[in-house]
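Asker: Below, each chain spelled out in residue letters.
Protein chains: 2
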Amino acid sequence: MKTLLLPILFLGATLGLRAEDGHRLWLRPHATTPVTVVAPTTSSALLATAKRELQQGWQGSAGTTVTLTLKKDKAIKYDGFRLNAQGVQASTERGILYGVFELLRRQQTGQAPAAGLSNPSYEHRLLNHWDNPDGSVERGYAGPSIFWRKDSALVVTSRDKTLWQEYARANASIGINGSVLNNVNASPLILSAEYLGRVKAIADVLRPYGVKAYLSVKFSSPVLLGGLKTADPLDPAVIKWWRGKAKEIYQQVPDFGGFLVKASSEGQPGPQDYGRTHADGANMLADVLKPHGGLVMWRAFVYSPSDKDRAKQAYNEFVPLDGKFRDNVIIQVKNGPVDFQPREPFSPLFGALKKTAVMPEFQITQEYLGHAIDLAYLAPLWEECLQSDTYQAGPGSTVARCTDGSVYRQAHSAMAGVSNVGLDTNWTGHDFAQANWYAFGRLAWNSNIKSAQIAEEWLKQTFQNAAGTNQPATSAADWNAKFLTPVTQLMLASREAIVDYSMPLGLHHIMSATHGHYGPGPWWAPPGMRADWTPPYYHQAATNGVGFGRTKTGSDAVSQYHEPLASQFNNPATCPDAYLLWFHHLPWDFKMKSGRTLWDELALHYDHGVQQVRQFQRTWDQAQPYVDAERFGVMQNKLRTQSGNAVVWKDACLLYFQQFSRMPIPAAVEPPMHTLEALIANDTPPRPPRQP
Amino acid sequence: MKTLLLPILFLGATLGLRAEDGHRLWLRPHATTPVTVVAPTTSSALLATAKRELQQGWQGSAGTTVTLTLKKDKAIKYDGFRLNAQGVQASTERGILYGVFELLRRQQTGQAPAAGLSNPSYEHRLLNHWDNPDGSVERGYAGPSIFWRKDSALVVTSRDKTLWQEYARANASIGINGSVLNNVNASPLILSAEYLGRVKAIADVLRPYGVKAYLSVKFSSPVLLGGLKTADPLDPAVIKWWRGKAKEIYQQVPDFGGFLVKASSEGQPGPQDYGRTHADGANMLADVLKPHGGLVMWRAFVYSPSDKDRAKQAYNEFVPLDGKFRDNVIIQVKNGPVDFQPREPFSPLFGALKKTAVMPEFQITQEYLGHAIDLAYLAPLWEECLQSDTYQAGPGSTVARCTDGSVYRQAHSAMAGVSNVGLDTNWTGHDFAQANWYAFGRLAWNSNIKSAQIAEEWLKQTFQNAAGTNQPATSAADWNAKFLTPVTQLMLASREAIVDYSMPLGLHHIMSATHGHYGPGPWWAPPGMRADWTPPYYHQAATNGVGFGRTKTGSDAVSQYHEPLASQFNNPATCPDAYLLWFHHLPWDFKMKSGRTLWDELALHYDHGVQQVRQFQRTWDQAQPYVDAERFGVMQNKLRTQSGNAVVWKDACLLYFQQFSRMPIPAAVEPPMHTLEALIANDTPPRPPRQP
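As you go down the protein sequences, you meet chains A and B in turn.
Each residue of the first sequence is one higher than the last, beginning at 1 in the numbering used here.
Each residue of the second sequence is one higher than the last, beginning at 693 in the numbering used here.
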């Protein structure tokens, strides 16, 4: 029955008969007009894709002729393109495809067809999938992997291919040109011949959409998979094993992108196990891939359980290695120095590595921002990081400019986002989480686009003319006023609301691990757990105050930042409120810029977060006439659950910290509706996180 | 160890060293002055109690002589008393004791020593304990029974006696003169020789405090305990068995008060099992007890699973029997026609039985008002019922006057309250639930005292000069302004807040039975459950409206009320909002007196309830300086939990009813923070309630 039913289901999807279940993402079907496409060749699969997209999506004047022109042009960088009166011009076939999608996007979002050049900020725009060979997804909240199956079935079905194609098309539409197909906590299995067969099948489906396949590799694969006695990167047998493996991969996937490596981190093996440096390890793999044109993305996410300040360690380990990496190595650095928190200052490695290619890693999946339950539009978080000025090469040395080749020479540039995609019908588990996939692609293409523009683009493509609503009868002005504007505002405020109700004023890492980092856990510290995995390590709450002292008289993490930031962060009077408790341990009655005590300010922030979510609920409720019943109801329920979660966060943190502050909760704050005892009891006996 | 430790603990208690754990109730120790007591005799245990209380509690001028005078006086009713310059005068020893407690109460609460007469409204002022021989308490939220033990141990310990004495003293201090020692769902065991031995022990401890012992009896005891073939009340063998049993009881307890009977109700056996009437059954037992001076309290709480309106049945069954009961039978009628809901109109039996003694039954234990978690001061509920005008003998025929002998001749009058007492240190599980025990006693003594006065009396005795606070340094004016006034207001508003967040506008019986009637369950209707035990039977929510139609065109329950009430209730324009959905099934857009739709009004009531609890929290937080740390913290946590419960009620009911109303929740209402799905899922698979 199953095999008989599937083709029918997918036929429905192809004809646009599918309900508004979110599966079509921002590429929902719409009325089109005929277009003539002139392409330079008919043999290219990529150009065929471009042509098909134009024909299936054209909304311009009927009978227009669009010419696709492949032509070298010094002004066009990487896969950039030019739009002109004739159509699209580019240096690469990918560039043509991206130009076509830009044309269609402008039509769909009601923008004038602009002539001009569009170059990507980054050469490589990558999704990192934390997908395991058993089909599970680490920090995945949208169902199992789209690439791997629980039963380790490696046979490729037509359903697999359809899904991969839809996935590749979505990526192409926003300029994403690479996918790391498996978890950074990598299984050695991925490099086995059997799994490489499936990698080839995936790569074959992604290729016509310009998406390259990459793999995460386990550094000890030569031992675990190859049967060698060592994985020492300087050992000739090890090098030989990797060379053979690379050759095997490139035979299957000629345009294979390269390796992503998490080494010597959180129990993962690495070169340090053999007395070698990160440079020794990365360079060995880089040398192996070099003849094939492959890249090594080497993660800087390293810290030891014994160090006094986890936030300092990546900097301490990697800065001394600056200049020692091959030019096809890129150091992949998380946006902040700890771990994808709702808010962190930028990682001090940005701009500090001056002779090494560095790429930002963002987390699209909402590990610390409400999973697929809470609404968190993340573009503002990423924009905040990318536009942060490091001052490392003078004012204006933003994180974006320090990583895209503008400030330092980089043979390659890239941006990575940890994907939020899974087998759920709507791909991301949460309809609005699709906006984060979209925004990541758009920002990787152009790190200067504003979050608001991205949100509007996405909302228009994702919700305009939703089935069952009175659109398109509704006027555009009405839709803009009653849906687009308020919902854009909701999206733009959503991340700050989460910061407020979970970790305001620079607090960080105070979630419980019991519920997979969803809820609060300032108390969370199971016996024997390494301290730097527990919230008390980060909040340092005591009767004398709260916050992590990272000033010059503390851990001195401030000194990893270039002046004037080091001095600014070091002084509580000049440190931005948003980072205050990140850098300072301050007494509860510390007088804030507002004139309030730190305790009152903290309580008001928590309460404001709660009230914000309630406003989001009202905004969404009022948007009901403009949304299909299916997505309206799902989102309404998710916002309700988020509203409850916000209160749990507020109550848990205020009641926990109040034990130390011994100050009353201000009367303006909504009184707790949970007891600390019940909240801790609900945070069931913690199990230690996955160990290597 | 245990037996060694106990006497020490109780010594501490005796000396007033006990912390503010609530065990001393409203009888907390305080500084006293010497007093000389002149008593008419030294051989009376009751007078000895009175003398001891005066000596242990006197706060008047040092060296005063108080004379206790036993003297017949036609103006003194029952156990009433006169206070005069010399002391206390009464017709009975109990009257002396009550006068002494009144003297001491006036001293403690700062009232002038008033001369004058004080007569009780009711002759018998009774607590009904729903305690089972296995130590459990039906609808008890304060631990196991103080009378019976889980292991059926019938041996009486000195700890038992101390506790019973403390219990008796508390009752005496507020005029309660009888206790039914076991559950109305009675075990036949209670009449066995073994259990009667313990009944005697209890009665012996209660007697010096003027508290008589009563028992609930199972109507089929002659079969279950006596081994007879029948319990037919007209069967001579049955009558003989009861006569023998009565004799046995009175040999052990010469002042035994009588029987409480729940017959032919909710599966309990009764005279109807043998084709006899309630009158046949009650009169047989009344005849048996008459020679000993005992009473029969026969409950009118009867309803069949098949009737169309449970609210009408007690009236239908008992009104035809009016005048057929012996004069030592009292029909015990719950305040409302259904079952102790947060709000009901008064039972139409009040005033309708004109030739039969009737007594009101109130529920002190908070079965439907938040157990021992939520704060519900119940005096306003009881006051509302007692002051309701039945019009049955013209205007002014209040429930109080129809039951205390003022309107109809009654050989005996009584009021019963289902006790909230258990083994918990503070007796009632919730510090403020003590106020309900207190208020019940005070209202049974004088049904005209205002709820506010009772609250103030109780607060003064219970919280003034709390340990660890800055009292008595604080001025009385300050204490009144910062503690007494706001906390009295809190208490007075507490029951209406519960009505608002659980069952406003006349809704009733829409709680879930899964959590023992604590939380909401408008959906609660397990397969096979008798309809009149499920909320949909009561709320009748549908797309066409909500509410139980009890008008003349509906079940016609309105006609059980005397005019002008019948007409007033029958017309939605004149029916008070508070009873609207009790009597009417109305469309969701019905226009209320406020001009709002029924749906909006309902939603605003639910929200108001939630906001009220948050105000209670703020009031309590601000009262912190005036409360000992122990009771402050416990209450603060309970209010937090109540606050969460209020939101659960609001969300559950609004989301459930919204399925039918299909109207938006008004923007002024706090948006839900739970989903209906989660709320129903949390209401775990219901188990059928206890069956006979």
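Heads up, a few of these hints could be off.
[What the hints assert, rightly or not] Below are the BS3-like pairs computed for lysine-lysine, each with C-alpha atoms no more than 30 Å apart in a straight line:
| no. | chain 1 | residue 1 | chain 2 | residue 2 |
| --- | --- | --- | --- | --- |
| 1 | B | Lys1174 | A | Lys591 |
| 2 | B | Lys842 | B | Lys763 |
| 3 | B | Lys1000 | B | Lys937 |
| 4 | A | Lys161 | A | Lys240 |
| 5 | B | Lys892 | A | Lys482 |
| 6 | A | Lys150 | A | Lys247 |
Rather than coming from a laboratory, the hints here were simulated on the basis of the structure.
Asker: Next step is simple, just say for each hint if it's right about the structure.
Answerer: Against the structure, the hints come out as follows:
For the hint pairing Lys1174(B) with Lys591(A), the CA-to-CA distance comes to about 29 Å; that is within 30 Å, so the pair holds. About 46 Å separates the Cα atoms of Lys842(B) and Lys763(B), which puts this hinted pair outside 30 Å; it is violated. As the CA atoms of Lys1000(B) and Lys937(B) are separated by approximately 40 Å, the hinted pair breaks the 30 Å bound. A hinted pair counts as satisfied when its Cα atoms are at most 30 Å apart, and Lys161(A) with Lys240(A) does not qualify at roughly 34 Å.
Taking the CA atoms of Lys892(B) and Lys482(A), the gap is about 76 Å. The hint is violated against a cut of 30 Å. Note on Lys150(A) and Lys247(A): the hinted pairing holds, with a Cα-Cα distance of about 28 Å set against a maximum of 30 Å.
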